[in-house]
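Enquirer: Take a look at the letters that make up each chain.
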Amino acid sequence: MPQLVTVKVDRPGHRPIRLWVPVLPVVLLLFPVVVLVALAAIVACLVFRIGAVRALGAGWRVISALPGARFDIEQGRTAVLVAIR
Amino acid sequence: MNEQRKDILDMLAAGKITAEEAEQLIAALERDPAPAAAGLDARPKGKLKYLRVVVDATDNGEPSRVNVRVPLQLLRAGVRLAALVPPQALVKANASLSDSGVPIDLTQLKPEQLEALVEHLDDMTVEVDSPDATVRVFCE
Chain A
1 MPQLVTVKVD RPGHRPIRLW VPVLPVVLLL FPVVVLVALA AIVACLVFRI GAVRALGAGW
61 RVISALPGAR FDIEQGRTAV LVAIR
Chain B
86 MNEQRKDILD MLAAGKITAE EAEQLIAALE RDPAPAAAGL DARPKGKLKY LRVVVDATDN
146 GEPSRVNVRV PLQLLRAGVR LAALVPPQAL VKANASLSDS GVPIDLTQLK PEQLEALVEH
206 LDDMTVEVDS PDATVRVFCE
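So the protein lines, in turn, are chains A and B.
The opening residue of the first sequence carries number 1 in my numbering; numbering runs sequentially from there.
The opening residue of the second sequence carries number 86 in my numbering; numbering runs sequentially from there.
For the record, the hints were derived by calculation from the structure and aren't laboratory data.
Built from N, CA and C at the ideal position, the CB exists for glycine as well.
Among the hints, erroneous ones may be present.
What the hints assert, rightly or not - Among the chain A residues that face chain B by a calculated CB cut under 10 Å, a handful are:
1. 10
2. 40
3. 50
4. 58
5. 60
6. 62
7. 65
8. 67
9. 71
10. 76
11. 77
12. 78
Stated by the list, open to error - Cβ pair distances, simulated, as ranges:
13. A/80 - B/185: 24 to 30 Å
14. B/190 - A/31: 39 to 45 Å
15. B/182 - A/71: 24 to 30 Å
16. A/71 - B/177: 35 to 41 Å
17. A/16 - B/173: 25 to 31 Å
18. B/202 - A/29: 34 to 40 Å
19. B/194 - A/29: 37 to 43 Å
20. A/31 - B/92: 47 to 53 Å
21. B/219 - A/82: 20 to 26 Å
22. A/25 - B/92: 45 to 51 Å
Unchecked claim - If you only want the chain A side, here are some residues facing chain B, beta carbon under 7 Å, derived:
23. 48
24. 68
25. 69
26. 70
27. 73
28. 74
29. 75
Excised from the complex, chain A in its bound form (with noise of 0.2 Å):
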């Protein structure tokens, strides 16, 4: 599972944005949101006649697969950086 999250953002003419977002706090405070997400997840996943486990499986597979991915993009002096850990 991630634990780390770090965006920067530098802009020409602006204050360099860094963000360290460390994942698991985070999702412990919106807790009650995640746990809605999760319940209207496997509502769909009864419509749409997917088996919800395999399902939810699926989407906590994804999770803990992302860390290692970094998304770095510049273009002239405008950069943006999302890695996670």
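Model the placement of chain B on the given structure of chain A, informed by the hints.
Expert: Showing chain B alone in chain A's frame:
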């Protein structure tokens, strides 16, 4: 037995190619034993973990660079997730793709085929050079 020769024999056993075609393919392999090593820098063939996409371009005189690193595990997980898409959604996606001029039948894409594709991504390197941009797609 090397991997490519085994693939050819598997295709022959599965009836996908005839014995003559298999013979021709094996003969071609023997003539050119390692075509993949030519041209590109030989990368270590260990456990490859990431798909990298690197684009260096110039837009209106400004240099731009895109550097994306995606874990191969994420692609595999995405394939499993995509396998859950209901058939009626695939039919709608087919219609939209067809309207956009991309006549691909997604219902014919099997999860096993996609997984095999991801498994063999580590053998792939794509390099595109143009005066304005360089694109490299490879695994590391």
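Enquirer: So which of the earlier hints does this model not fit?
Expert: 1, 2, 16, 17
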